[in-house]
Amino acid sequence: MMKLSYNKRLAACLLLVTALVLALCLWTGWYVRGVSADLQQGLAGMDRLITEAKWDEAGRQFTANYAAWQQKRGVWQGLMNHQDVVNIDLAFISLGAYLEQEKAEDTLNQLAVVRYYLDLMSENERLNWHNFF
Amino acid sequence: MLLLIIRTAVLYLVTMISMRAMGKRQIGQLQPFELVVILIISEMATIGVQSNGLPLLTSLLPIVTITVLQISIALLNLKSQRFRSIVCGKPSFVIRNGEILEEEMRRLRLNVNDLLEQLRYKGYFDPAEVEFALMETNGQLSVLPRADKRPVQPADLELNVGHEIPAIMLIVDGVVQRDHLQNTGYDEAWLHKKLAAYSIASPADVFFMSVDYQGHIFCQLKSKGEAGSPPPVREGAAKTAPAASGQGFSLKSEGAR
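Chains as they are written, first to last, in our numbering: chain A, 154 to 286; chain B, 129 to 385.
Hints listed in this document are in silico derivations from the structure and should not be mistaken for laboratory results. Since the structure is predicted, the reported quantities are computational estimates derived from the model, not experimental observations. Accuracy of the hints is not assured; some may be wrong.
[What the hints assert, rightly or not] Think about it this way: if two alpha-carbon atoms lie no more than 27 angstroms apart in a straight line, the pair counts; the simulated DSSO-like pairs of lysine-lysine are:
(1) K207/B with K156/A
(2) K218/B with K207/B
(3) K161/A with K207/B
(4) K161/A with K207/A
(5) K321/B with K350/B
(6) K218/B with K250/B
[As the list claims (entries may be wrong)] If the Cβ cut is set under 7 angstroms, some of the chain B residues that face chain A in the computed set are:
(7) G181
(8) L182
(9) P183
(10) L188
(11) V192
(12) S200
(13) L204
Backbone N, C-alpha and C define an ideal beta-carbon position, used for all residues, glycine too.
Build out the structure end to end from the sequences listed, making use of the hints.
Rendered as structure tokens:
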């Protein structure tokens, strides 16, 4: 088998590390956007349920979505600023509390906050000039 | 708190590996871009240690990226002279043929006091003693004194001083340096015989022992309590240096010259 020179082996290692780092970065973006989209999807239709005062149904949808978030938050914490993860946690907890109290206006407001945070996380991972600067 | 210690240890290890991967030049003579690399890496590591709220990856990824970039630039520097001159710059004469080059000093933003200071560091208190002075790319000044002002060399006196090799460590802190011993061409039996001749029971009692290419031995025993260590043993070249042994570097063969 042909033996590569030291510099060629080093260059190969550098390419490998670069590929791994890029793969990790691309995966991070893809994963965060994917989870965010799934959670947004899970929250879809909740506004209607709240407006129509179908609190039980809205509560079930929220519980399922919150459980999905709880499953993902560990990985998110390894990839993103912990404060951002805490913000999403707080938004979910507040939303749960308003749902229990069955306050339509506050619940809708809090639902918008959860959506905003999820969108923000997804947008922050996007490769564009806005995020670059 | 335990988390902080673990994060610090991880970042310390990654920084050490990264600096080690970049090579020895990083530690010694820094080029401007190498200084930048060290500053950024240290800052990245500090952020990771101080900010528990940030994932460790926010420090690790930039450190890995900078290391990869730095090694890539070093490789390109090896391959391309043009690239090297862009990244590292070129050495420039500040004194040529005994004349201080004012224009070049202005370009380097180097004042006369800086130049005189650097010359003094090199042991030249009078610029008139200097024929050439070069500002290297790492900011060090290399000086060639005038021929009539430089120290006398053995070649000037037509002295044949032969071939010289630094002394080799045989025992360090009681541990026999087997690789070094093998390089000298001697073996452990010879070492033990030598120690016995100095009334030393075991290599473990020796603080430091070396032999030079002429066979001169220096041996110092370990200190024993408050009494301090006994005076070191110094022995001249062995009159009967053994013959050269096979390939590679051998003190035995050097001593026999």
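Taking each numbered hint in turn, which are not upheld by the structure, reported in ascending numerical order?
-> Per hint list: 4, 10, 13 violated.
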